[in-house]
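Starting from the known structure of chain A, fit chains B and C onto it as the hints suggest.
Protein chains in written order, with our numbering: chain A, 1 to 200; chain B, 201 to 742; chain C, 743 to 835.
The hints are simulated quantities; they were obtained by calculation from the structure and are not laboratory data. Some hints could be false.
In the DSS-like style, the derived pairs of lysine-lysine whose C-alpha atoms are separated by at most 27 Å in a straight line are [said to hold, decoys possible]:
hint	chain 1	residue 1	chain 2	residue 2
1	C	Lys804	A	Lys114
2	B	Lys489	B	Lys737
3	B	Lys221	B	Lys696
4	A	Lys104	C	Lys804
5	B	Lys489	B	Lys652
6	B	Lys483	B	Lys696
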Amino acid sequence: MSGPLHKDYAGAKLGMWLFLFTELLLFGGLFLLYAAYLARYPREFGTAGGQMHLGFGTLNTVILITSSLLVAMAVTAIQRNARRMVLWLLGGTVLCAAVFLFNKYLEWSDEIGKGIYPNSPKLVAAPPGESVFFSLYYLTVGLHGLHVLIGGTLLTLVAVRVQRGTIHAGDYVLLENGALYWHLVDLVWIFIFPLYYLIL
Amino acid sequence: MIPVENVPPAGDGGFWNDTGKTGITAWIFSTDHKRIGLLYFYSVLTFFLIAVVLGVLLRIELMAPGRTIMGPQTYNAVFTVHGVVMVFLFIIPGFQGSFGNLVMPIQIGARDVAFPRLNLFSWWLYIAGAAVIITSLFTGGGPPDTGWTFYVPFSERTGTNVSLAVFGVFIVGFSSIVTGLNFVTTIHRLRAEGMTWGRLPLFVWSLYATAWVQILATPILGITLALIIAERFLGTGLFDPARGGDPLMYQHLFWIYSHPAVYIMILPGMGVISEIIPAFARKPIFGYKMIAFSSLAIAAAGSLVWGHHMFTSGMSDTAILVFSFLTFVVAIPSAIKVFNWVSTLYRGSISLEAPMLFALAFILLFSIGGLTGLILGAAATDIHVHDTQFVVGHFHYVIFGGAVFAFFGAMHYWLPKFYGRRYAEKPAVVAWVLMFVGFNITYFTMMVLGMKGMPRRYYDYLPEFAPLNLVSTIGSWILVSGLILMLVNLFRGLFKGEPIDRNPWGAATLEWTIPTPPPTENFEEEPVVTHGPYDFKGAGIP
Amino acid sequence: MSEQQHIVSYGKLTAIWLGLLALTALTVWVARHNVGIGHVWGSLAIAVVKGGLVIAFFMHMKYEGRLLRWLLFFALSVLAIFIGFTFFDVLYR
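Chain A with its partners taken away, still in its complex shape (with noise of 0.2 Å):
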């Protein structure tokens, strides 16, 4: 119906930045449980995280790096105007999302194939701790993955309203707040790295 008089291109953006504080705080409900029992089974965390694939976790990481670069260089290309740019530019990102997910499909499979997930009976059997750092680690990635699909997506709508004109240089706080979006993706993902494939 009626929309606001005149478009509030701060208010849009505070908008956003508040919705990204409730991702941070939805994730971060995971990393304090992370913490906590990191704290209480330093070894069993130790022993299950040195079974990560360290190869799929960096690759996916420079994958995340690189397309959260396409999509803020898609916001510089759309504020000076480079439309077929900003197009390349988040199609690449769109890209970049598709292949993280499909590593994830084939670490996972892997992961599964032996016999490592949630309420698996190895992990049943394992000591405690193990199968608290498995499930916590599909939870937290799943989570994220689950993101990983949301801002993909949302970057396929805003590059179609780029296309059609509906985002231009005059007006684009939409493919902005969708690049916020993503580089919230990023961020999540950058603490998920070290956590669950690094230290351990």
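Leaving out everything else, chains B and C in the frame of chain A:
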């Protein structure tokens, strides 16, 4: 001021005549904050009444030892659903959704909230969540029987339909987040010219503090509830000691949200009281800055005390010490508010009309609730009364005697503005007396029972508790009779009562400067604010 | 849209990207060469630097007003408090 005879009939004039869509679609697809406010109001009121019925049934069951009207499993389900509906479907969304939406944009001189479509989306999420919760009662293993806290390990193992209920609460939580970020953005961005932070009405300040709690605490509830579902479906074992999990971590996560949630419930209520008292004492509020600051302080300090729900759960002694101390800290800003309200009354020109009576009741009942909270916040005394009827009495004093009485006060104070008609004064006062008396009989008795050792949530009790339980149940009947009288009088008044002009109470905030009922655009031209919210002289009110 | 728009050049963004990649390499290197229990904090410190770069440049926080910066700081502090206060229980039980 417009002459009274020029006021259009109820349900007419102002935003009521905003045509374009007709029938129900003019409401459920409207992005007008006033319509969304009324949608929210009637939705939460409906759930409130449902939960009241459940509460009365609980009291009837407890009237005498042994079975009275229901079996133990039904009893467990009824107290769970009473709690879930009251907390998640009534009082948490209640204030922000209804009076926050109705009044806040007008009070800051805006024509709507920052994101009107998101506002409507929030109501839809709320309704969707509510529908899921209701579905959970009649499907699967039947209504959840865990208590509204969904404590593990029971919530993981019970055969009742916990998963669906929890999913519904998750959706309602998302709705709460959306409202919160909408309100923070609105208050930052859409204040009218001259509406500085120092001229913000105190109701708006309280909504602002509340919105921050909604933004920062609700996601923790979201992840906690998601974890229950994961535990039930995937067997993640995160809270299962046999697998290395720790049930206490669930309690931490749950209360990190659910203690601040208490302030989501009570803070807007305090804001309402801060509006009503100066209007009916005809005196600028005493200590404006301190009340505004204490809203933020309550929100902040209230987020640091969740551990006081876990003193007997096996938490570390250090944590008990820290959380007990912090709990006492919250008492300071709460007391600041109470002292300032009372100081405002001092030498005021007080008119004891219905909204004012509710405000006065609030001060007394909230103080009792707050002070009994300290008994629970001190670790030593808490061990004696933990999980007894004392706790039930305490939080009903805070939430019912506090927040809900403030909600009733807001209904009498603001609803006439939006309907253009008012209720009859005398029945409103009688209803208030009945509720006040019934309330105290019901819940004070519970606190006494708790002191004597009667546990909460128990289906049966020792014969020695019988007389007081009977008293409490009779009190609940008085309470409900007052409630019925109040609602009948209020709604009859809104639809058929005396018309009112734009400022029936002589209050100085912006919503009383515009026509009654408010027009769709709120203000004909963008207002320029030149005086504070309680500056009666500046507003030209005698 | 009257606000000043700050345009971050492709070059600057690419430089940040290279920095992030270097930090990723560093953190993997640190993890492979066991530096003892301190590596938990070391890895987290590197993650914080990486996150800071993303927020400051990719998310334009460096060019935003004071309000957003304070709010972000506030939100992160709240998260830190939630985790930190839980440790009053976890560490001393």
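Here's how the hints hold up against the structure:
1. C:Lys804 with A:Lys114: Roughly 45 Å separates the two Cα atoms, so the pair is violated.
2. B:Lys489 with B:Lys737: Status holds; Cα separation ~19 Å.
3. B:Lys221 with B:Lys696: holds (25 Å)
4. A:Lys104 with C:Lys804: violated (33 Å)
5. B:Lys489 with B:Lys652: violated (42 Å)
6. B:Lys483 with B:Lys696: violated (32 Å)
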